[in-house]
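2 protein chains.
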Amino acid sequence: MSIVVVGSVAYDGVETPHGRVDRMLGGAATYISLAASYFSPVKLVAVVGDDFDAADHDFLAGRNIDLSGLERVAGGKTFFWQGVYSADMNDRTTLRTDLNVFADFNPKLPDGYKDSPYLLLGNIQPALQRSVREQMKQTRLAGGDTMNYWIQDYREELLATLKGWDFLLINDSEARMLSGEANLKHAARKIMAMGPNTLVIKRGEYGAMLFHNNQHFVAPGYLLDRVCDPTGAGDCFAGGFLGYLAESGIAPGGGNIDRAALARAVIFGSVMGSFCCEQFGVDRFRTLTRKDIEARFREFKSFTEF
Amino acid sequence: MSIVVVGSVAYDGVETPHGRVDRMLGGAATYISLAASYFSPVKLVAVVGDDFDAADHDFLAGRNIDLSGLERVAGGKTFFWQGVYSADMNDRTTLRTDLNVFADFNPKLPDGYKDSPYLLLGNIQPALQRSVREQMKQTRLAGGDTMNYWIQDYREELLATLKGWDFLLINDSEARMLSGEANLKHAARKIMAMGPNTLVIKRGEYGAMLFHNNQHFVAPGYLLDRVCDPTGAGDCFAGGFLGYLAESGIAPGGGNIDRAALARAVIFGSVMGSFCCEQFGVDRFRTLTRKDIEARFREFKSFTEF
Chain A
1 MSIVVVGSVA
11 YDGVETPHGR
21 VDRMLGGAAT
31 YISLAASYFS
41 PVKLVAVVGD
51 DFDAADHDFL
61 AGRNIDLSGL
71 ERVAGGKTFF
81 WQGVYSADMN
91 DRTTLRTDLN
101 VFADFNPKLP
111 DGYKDSPYLL
121 LGNIQPALQR
131 SVREQMKQTR
141 LAGGDTMNYW
151 IQDYREELLA
161 TLKGWDFLLI
171 NDSEARMLSG
181 EANLKHAARK
191 IMAMGPNTLV
201 IKRGEYGAML
211 FHNNQHFVAP
221 GYLLDRVCDP
231 TGAGDCFAGG
241 FLGYLAESGI
251 APGGGNIDRA
261 ALARAVIFGS
271 VMGSFCCEQF
281 GVDRFRTLTR
291 KDIEARFREF
301 KSFTEF
Chain B
1 MSIVVVGSVA
11 YDGVETPHGR
21 VDRMLGGAAT
31 YISLAASYFS
41 PVKLVAVVGD
51 DFDAADHDFL
61 AGRNIDLSGL
71 ERVAGGKTFF
81 WQGVYSADMN
91 DRTTLRTDLN
101 VFADFNPKLP
111 DGYKDSPYLL
121 LGNIQPALQR
131 SVREQMKQTR
141 LAGGDTMNYW
151 IQDYREELLA
161 TLKGWDFLLI
171 NDSEARMLSG
181 EANLKHAARK
191 IMAMGPNTLV
201 IKRGEYGAML
211 FHNNQHFVAP
221 GYLLDRVCDP
231 TGAGDCFAGG
241 FLGYLAESGI
251 APGGGNIDRA
261 ALARAVIFGS
271 VMGSFCCEQF
281 GVDRFRTLTR
291 KDIEARFREF
301 KSFTEF
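Chains A and B, in that order, are what the protein sequence lines are. Just so you know, we're using our numbering here: the first sequence kicks off at 1 and counts up by one. Just so you know, we're using our numbering here: the second sequence kicks off at 1 and counts up by one.
Just chain A, same shape as in the assembly (with noise of 0.2 Å):
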């Protein structure tokens, strides 16, 4: 059961409490999409210049990601973004943002994407899910991520993207921000009369609150010994949220999920998110298993049950 992931694949530097890259791959839909292949085939859509690195290619495409969704602009040169975090790894500062051939980006979906049943809407511009949503026939779930930038800027644009998506995953202070409301059970009534049934809200270090229907459920975040890098973390929990319900083969009747099967999903994006913090950038994908998954999977349950 393939997803369509969309986003940004991109080089980034990165500066953290435990050291420094100045370039290496990333991106939003390159950490959904690594995230996802555990579970499910995944189809990319995205743009990089011809300054893309062969390795990196061939490292996603290694991890049964279908690749014939990136575009490739000749003569241009890949967005690169550079940050800069806090002691703590709470906070981080933009050192640069050069969107390069990501300024253009227009997805287009090659015909073998547009039957995929999931799609996952990394963290653009809300015209631009909204067209992506549109270019697929029969999707059973569609969603994805969005940020303060276009909650603010974009409002309108962001609200008749949001009326055609399932779910929505973003972070605590986006949904107070979105919704208006400082109490996060209000806040997740609201947004979801904007349109998405199921809700996920990201809470960083402290886990994450999953809301549909009436129901919901709460996680706490995984005990790290050491948090090397947290850039890709959130993206990391849409990949395993939406890659576990995919292969489960998750088909909504009228708009409902199982709870049981939404639960689990919050918990391996929890797993995913939390290996993703364990090593610069995607290295930890270089050489985790499924096992390791499952592994940790166990984990949530022991440190959880009562």
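To be clear, the hints were calculated from the coordinates, so they are not data collected in a lab. One or more hints might be untrue.
As the list claims (entries may be wrong) - When the alpha-carbon atoms are kept at most 30 Å apart in a straight line, the in silico DSS-like pairs for lysine-lysine are as follows:
1) A:K301 - B:K77
2) B:K291 - A:K301
3) A:K301 - B:K185
4) B:K190 - A:K301
5) A:K185 - B:K301
6) B:K301 - A:K291
7) B:K190 - A:K185
8) B:K301 - A:K190
On a predicted model such as this, the values are computed, not experimentally measured, just so you know.
Once you've looked at the hints, dock chain B against the given chain A.
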């Protein structure tokens, strides 16, 4: 199985986004005792002035709380604290602290208290906590709370006190300050080397973590419809936590406590903390029943199970 509770009994003036009360019953020992009293008999040790209302005395006495250790200083006034909460209620500013009779508090246990198997020391000067611990003859479990002030300015005294404790309950920023470790897993290891083999790290709306020997348990916070007044929530957590362990008659063998019992104690602590926030001051405990508590415990199961 009775619990001796030591700490402040006070009058509070509190302002939150939901309203303002100029003078109401408060204090750490009050909140701890009320919460614990739903599970086990409580023996309170504290000091008040002769302005202490008969109605407040009767309210506590009516909740199965032994007040023979409540010293009343003639001509003195009860500890008064006044504070105002920020709009999101994650911060509060102290406007006034009149220690009054609490400044000379030197807790003396009535003889009828000294054989209690459980001891919960609210946040007071570490040397006083230690003196109470030494007056007890056969505790099964002793421990308590502390705060940034004692951690920073009374470190040696606090460390000498912690050596005699079985459990410590503190919030996450205090755990980082006490241990000098930003990572909570490392912080827990260092703190447990100071004495307590059970550590609860409270994270406010995000829940709580428990460490015991080499195991840990993480509970998310309860999602309230409305947080009216968070004053006392941490103390109510402590009361529910030890109250449940006392009710269960926990007698650690060689320092070991059953993991399942500790996990349930954390949930009962969370339940009591969440109820506390629903009304101003101690008002929720005027109507709360054990049946309400059991229902919320089951709710915790339903929104965390996967």
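How the hints compare with the structure:
Taking the CA atoms of K301 (chain A) and K77 (chain B), the gap is about 51 Å. The hint is violated against a cut of 30 Å. Proximity of K291 (chain B) to K301 (chain A) is assessed by CA-CA distance (about 28 Å); at most 30 Å being required, the pair is judged to hold. At most 30 Å may separate the alpha-carbon atoms for a hinted pair to count; K301 (chain A) and K185 (chain B) meet this at roughly 18 Å. Under the criterion of a C-alpha separation no larger than 30 Å, the hint pairing K190 (chain B) with K301 (chain A) is consistent with the structure, at around 25 Å.
Restraint check: the Cα-Cα separation between K185 (chain A) and K301 (chain B) comes to about 18 Å, which is no more than 30 Å; the hinted pair holds. Under the criterion of a C-alpha separation no larger than 30 Å, the hint pairing K301 (chain B) with K291 (chain A) is consistent with the structure, at around 28 Å. A threshold of 30 Å between alpha carbons decides the hint, and for K190 (chain B) with K185 (chain A) the separation of about 36 Å lies outside it, so the pair is violated. Taken as a hint, the K301 (chain B) and K190 (chain A) pair is honoured in the structure, with Cα atoms around 25 Å apart against an allowance of 30 Å.
The structure shown violates the earlier hints numbered 1 and 7.
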